[in-house]
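Model the full structure from these sequences, guided by the hints.
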Amino acid sequence: MEEVKEIQPMPRIGDEAPKFEAMTTMGPISFPEDFKGQWVVFFSHPADFTPVCSTEFLAFAKMKEEFDKRNVQLLGLSIDSNFSHIAWIMNLKEKTGVEISFPIVADVDGKVARLYGMLHPGESSTATVRAVFIIDPNGKIRAIIYYPLSCGRNMKEIVRLIDALQTADKYGVATPANWVSEPQVWEYTEENTKVIVPPPTTYEDAVKRLKEGYECIDWYFCKKSLK
Amino acid sequence: MSQGCISPDGKPAERALELLKLLLEKKKLSDLEIAEILKRPLFQVRSSLRELEKMGFIEKIEGFYGITEKGRRLL
Chain A
1 MEEVKEIQPM
11 PRIGDEAPKF
21 EAMTTMGPIS
31 FPEDFKGQWV
41 VFFSHPADFT
51 PVCSTEFLAF
61 AKMKEEFDKR
71 NVQLLGLSID
81 SNFSHIAWIM
91 NLKEKTGVEI
101 SFPIVADVDG
111 KVARLYGMLH
121 PGESSTATVR
131 AVFIIDPNGK
141 IRAIIYYPLS
151 CGRNMKEIVR
161 LIDALQTADK
171 YGVATPANWV
181 SEPQVWEYTE
191 ENTKVIVPPP
201 TTYEDAVKRL
211 KEGYECIDWY
221 FCKKSLK
Chain B
1 MSQGCISPDG
11 KPAERALELL
21 KLLLEKKKLS
31 DLEIAEILKR
41 PLFQVRSSLR
51 ELEKMGFIEK
61 IEGFYGITEK
71 GRRLL
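Just so you know, the sequences run in chain order A and B. For the first sequence, full-length UniProt numbering begins at 1 and goes up steadily by one. For the second sequence, full-length UniProt numbering begins at 1 and goes up steadily by one.
The calculated label-pair distances, taken between Cβ atoms and stated as ranges, are: (1) A/Ala59 <-> B/Leu24: 36 to 46 Å; (2) B/Lys26 <-> A/Ser125: 49 to 59 Å; (3) B/Lys11 <-> A/Tyr214: 39 to 49 Å; (4) A/Lys111 <-> B/Ile37: 30 to 40 Å; (5) B/Leu75 <-> A/Tyr214: 52 to 62 Å; (6) A/Tyr214 <-> B/Arg72: 57 to 67 Å.
25 Å max Cα-Cα, derived BS3-like pairs, lysine-lysine: (7) A/Lys19 <-> B/Lys54; (8) A/Lys64 <-> B/Lys39; (9) B/Lys28 <-> A/Lys36; (10) B/Lys39 <-> A/Lys62.
If you're looking for bench data, these hints aren't it; they were derived computationally from the structure. A quick note: this is a predicted structure, and the numbers were derived from the prediction, not measured. No residue lacks a Cβ here, since even glycine has one placed at the ideal position from N, Cα and C.
This is the structure:
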């Protein structure tokens, strides 16, 4: 008998952002209704208390001013509970001093993740990929980016994409390859060359991790240099 | 969906009281004005307004929000 595969519809560029109601770390939301009039970067991450996601959240939080300037509201999501989200962002604040001041959708049953096509079974059937939906002030999806679980996103590229969309809207133009809103150098330091050490999967290994000589922010969040 | 600005037993959270007090003082405000005065994200203000309106503590007239008698009694 031929295997029947379930096909999940996925939102596409130009579609209205699918509606949902959910609890977030900043209270309940009705999406996209509550966000009308603002641009939204709605992004998924595989799971709380994972290292690559932690670097992304810290990077997003550090660029909050840049998003604010562009009338952009950040909105995160993963298949985790609200308590897990809260515990994680409190852990990040405690260990790094960085406040995650944008909401994170609690999607324990994966309903929102499926609605937005954030689950890619070939990559993982339980963890969302690194999806980014850029939604305009009228609630229309204007751009979509997907990254695999293993690669952290480039926040500067996301800001560049928002600038390009806003410029296209304002001036009725299109933007070429490598376009930027003003001349700039994307500066990267030695810190950007470091990689993530896969987090331990047992309690015993977690206890050992902090003594293994890596650069650790916490037991699940360690980096090393490949040089 | 609740667990926002009103607890399941009907008690207002700090951010609901803050919003009701503001509407008591200013009489009528839009969602944008409230977000600006309270320095809270717009989506969060809209969520609180929806919840408070549903509970009958505030009302919306021609795009502006005002406190109701029920809302005044809460303060």
